[in-house]
Amino acid sequence: MLRSFAQWLEKFLQDEGAVGFVKGLLGLVAFGAVLSTLFGPVAIRTAFVIGAIVLVLLLLVYLTARVTKLEAESREYRALLSKYSYMLMELQPSQFDIKVWEQVAVIKANGDTQEFITVNAVIRNAEAKFFRLRFGPGWNQPKSVQKEVNAKVRSLMVDGSMGPSFLVTSHWSEDGKLDMVSHFHSPAEVDSEIRLKMEWTWPKKCVPLMVHKKPDPFTFYFRQPVERATYTIILPPGAEVHWDVIALNRLRDDFEITRRTDAGRVEIKLAINNLPANRRAGMVLELQR
Numbered sequence: 001m002l003r004s005f006a007q008w009l010e011k012f013l014q015d016e017g018a019v020g021f022v023k024g025l026l027g028l029v030a031f032g033a034v035l036s037t038l039f040g041p042v043a044i045r046t047a048f049v050i051g052a053i054v055l056v057l058l059l060l061v062y063l064t065a066r067v068t069k070l071e072a073e074s075r076e077y078r079a080l081l082s083k084y085s086y087m088l089m090e091l092q093p094s095q096f097d098i099k100v101w102e103q104v105a106v107i108k109a110n111g112d113t114q115e116f117i118t119v120n121a122v123i124r125n126a127e128a129k130f131f132r133l134r135f136g137p138g139w140n141q142p143k144s145v146q147k148e149v150n151a152k153v154r155s156l157m158v159d160g161s162m163g164p165s166f167l168v169t170s171h172w173s174e175d176g177k178l179d180m181v182s183h184f185h186s187p188a189e190v191d192s193e194i195r196l197k198m199e200w201t202w203p204k205k206c207v208p209l210m211v212h213k214k215p216d217p218f219t220f221y222f223r224q225p226v227e228r229a230t231y232t233i234i235l236p237p238g239a240e241v242h243w244d245v246i247a248l249n250r251l252r253d254d255f256e257i258t259r260r261t262d263a264g265r266v267e268i269k270l271a272i273n274n275l276p277a278n279r280r281a282g283m284v285l286e287l288q289r
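In the working numbering, the protein residues as written are 1 to 289.
Hints are computed from structural coordinates only; laboratory data are not their basis. In this text, a Cβ means the ideal position worked out from N, Cα and C, and glycines have one as well. Watch out, some of these pointers could steer you wrong.
Derived DSS-like pairs: lysine-lysine, alpha-carbon spacing no greater than 25 Å straight-line [stated by the list, open to error]:
hint, residue 1, residue 2
1, K152, K108
2, K197, K152
3, K99, K197
4, K213, K99
5, K108, K129
6, K214, K108
7, K204, K147
8, K99, K143
9, K213, K197
10, K129, K177
11, K143, K177
12, K269, K129
13, K269, K213
14, K177, K108
15, K99, K147
16, K108, K204
17, K129, K197
18, K269, K99
Pair ranges (Cβ atoms, derived) [claimed, not checked]:
hint, residue 1, residue 2, range
19, N273, W243, 28 to 34 Å
20, E189, V245, 33 to 39 Å
21, P276, K177, 18 to 24 Å
22, T64, S192, 44 to 50 Å
23, D253, H185, 24 to 30 Å
24, E189, E148, 35 to 41 Å
25, E148, W243, 27 to 33 Å
26, V190, R265, 40 to 46 Å
27, T201, E256, 24 to 30 Å
Work out the full structure, taking the sequences as your base and the hints as a guide.
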């Protein structure tokens, strides 16, 4: 009986919507009030009120189950989109040449991080219709934190002003990485330059560094050579760190790591020229105690 009612409720909501259901419910309550006025017994009024409450509870149960189902389907679709985007880039790996990658991370004392990424790239393939990027923290974050990550991508004009935002589809992979696909408004011309500006707020991203006081890596990994990549870490006021490089050799690689102080905040900047493809390189920081 409950299953039959759920099927009827689903069909009714599809036809009339939640507003129609609420109108019907209010009509039922009003009808009960009229009957109780005409015939007097409190039992009639009580029965209609109880019936209305039961219907509301059933509606809430149905809507909760429906939302859960839609969220699961949405995650599945985003995962498939991420998978096929990766496959397309594998078939045509030379869609872009990244000229400049500039990444700045502003870290709070509790590990919350706000990051800004500017990308200058040149289109090398007429089939380039999206830009795929993957990011992750240095620790295994719970899903409750992942849901709070907020990212947006915009085009960057020649004069430095912000252009329109891109449609972004995102998916959290099993290894805890955020997979983001930014879709172009229209196909870009071959050999034309694109400039993107990405910004995100990532709660507790740098908890290993700031809270657990453990070494925390900040690295790059690109599937094609990059002419210049920089990563700047801006620490909370009063924080000092030890640092070292990861997978970089001064005899082989052209890089520089510097420290400066601005407005009481220490900034550690790593700059790499001609970073090879398929090499994870960067720096590791640890708070001074």
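**Message:** Given a hint of 33 to 39 Å, does the C-beta separation of E189 and V245 actually sit inside it?
**Reply:** 38 Å, holds
**Message:** Within 18 to 24 Å: is that where the Cβ-Cβ distance between P276 and K177 falls?
**Reply:** 21 Å, holds
**Asked** Cβ-Cβ distance between D253 and H185: within 24 to 30 Å?
**Response** Once the Cβ atoms are compared, 37 Å apart, the range 24 to 30 Å for H185 and D253 is violated.
**Prompt:** Within 25 Å, alpha carbon to alpha carbon, are K108 and K129?
**Reply:** Violated - the C-alpha atoms of K129 and K108 are around 36 Å apart, more than 25 Å.
**Request:** Assess, step by step, whether the Cα of K204 is no farther than 25 Å from the Cα of K147, and give holds or violated.
**Result:** 12 Å, holds
**Pair hint K269 and K99, alpha-carbon separation not exceeding 25 Å** = 18 Å, holds
**Message:** If I claimed the Cβ atoms of V190 and R265 lie 40 to 46 Å apart, would that claim hold in this structure?
**Reply:** 42 Å, holds
**Prompt:** Quick one, are K213 and K99 close enough, alpha carbons at most 25 Å?
**Reply:** 34 Å, violated
**Asked** When you take the CB atoms of E189 and E148, is the distance between them in 35 to 41 Å?
**Response** Holds, at about 38 Å.
**Asked** Can the restraint linking K213 and K197 be considered satisfied, given a maximum Cα separation of 25 Å?
**Response** With a Cα-Cα distance of about 31 Å, the restraint between K213 and K197 is violated, given a limit of 25 Å.
**Prompt:** Given the hint that K99 pairs with K143, does the C-alpha gap stay at or below 25 Å?
**Reply:** The hint is violated at about 34 Å.
**Asked** Is the straight-line distance between the alpha-carbon of K177 and that of K108 25 Å or less?
**Response** 21 Å, holds
In the structure shown, a violation is registered for the earlier hints numbered 4, 5, 8, 9, 12, 15, 19 and 23, in ascending order.
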